[in-house]
Amino acid sequence: MTRATSSAPSQRMLRVGEQVRAAITQVLQRGEVRDPLIEKTVISISEVRMSPDLKHATAFVTPLGVPDHAAVIDALNRNAKYIRGRLGPQLRQMKYMPDVRFRDDTSFDNYKKIDELLRSPEVARDLDETDEE
1 MTRATSSAPS QRMLRVGEQV RAAITQVLQR GEVRDPLIEK TVISISEVRM
51 SPDLKHATAF VTPLGVPDHA AVIDALNRNA KYIRGRLGPQ LRQMKYMPDV
101 RFRDDTSFDN YKKIDELLRS PEVARDLDET DEE
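Per our numbering, the sequence shown runs over residues 1 to 133.
Restricting the straight-line Cα-Cα distance to at most 27 Å, the calculated cross-link-like pairs of lysine-lysine (DSSO-like) are: (1) 40 with 81; (2) 55 with 95; (3) 81 with 95; (4) 112 with 40; (5) 55 with 81.
Calculated from the structure, these hints are not laboratory results. Keep in mind the model is a prediction, meaning the values are calculated, not measured.
Can you make the complete structure from the sequences, with help from the hints?
Encoded structure:
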C-alpha cells in the first residue's frame with residue numbers, strides 16, 4: 001500500500017476530528033469540567049486536527065469574552081486527561097482514545113485583520129478605480 005504524498009488531512013482524519021470536536025463541545029456544555037475558569041467561560045471550538053495515526057487531537061479553541069486567552073488554554077490543558085476520559089462514551093467506536101491538546105485559535109483575529117484591510121479607504125479607492133475601467 002502506498003502512502004499519500006500530500007500533507008492534507010485524509011477524509012478519515014477530518015471525520016474523526018469532527019467527531020472529537022462534537023464530543024469535547026458536549027463535555028464543556030454540560031459543565032462536566034470542575035474548573036472555575038472553564039465553568040464561567042464560553043468556549044468555542046472551531047476545529048480539531050487529528051494526527052495521521054488518530055492518537056493525538058489538537059483542539060483549536062477561542063474563549064469568548066475573555067481578554068486573556070492563555071489562562072483559559074492553560075486550564076483546558078490542565079484538565080485534558082479528565083476531558084479525554086469523558087470523551088469515551090461518545091467515541092467508543094475508536095480503537096484508541098486520542099490525547100487532547102488545546103491551542104488558541106487565532107484565525108478569527110486573522111479574519112478581522114483582513115476585513116479591516118478590505119474596508120480601508122485605500123482599498124475602497126483602488127476598487128473604485130477598477131470599476132471605472
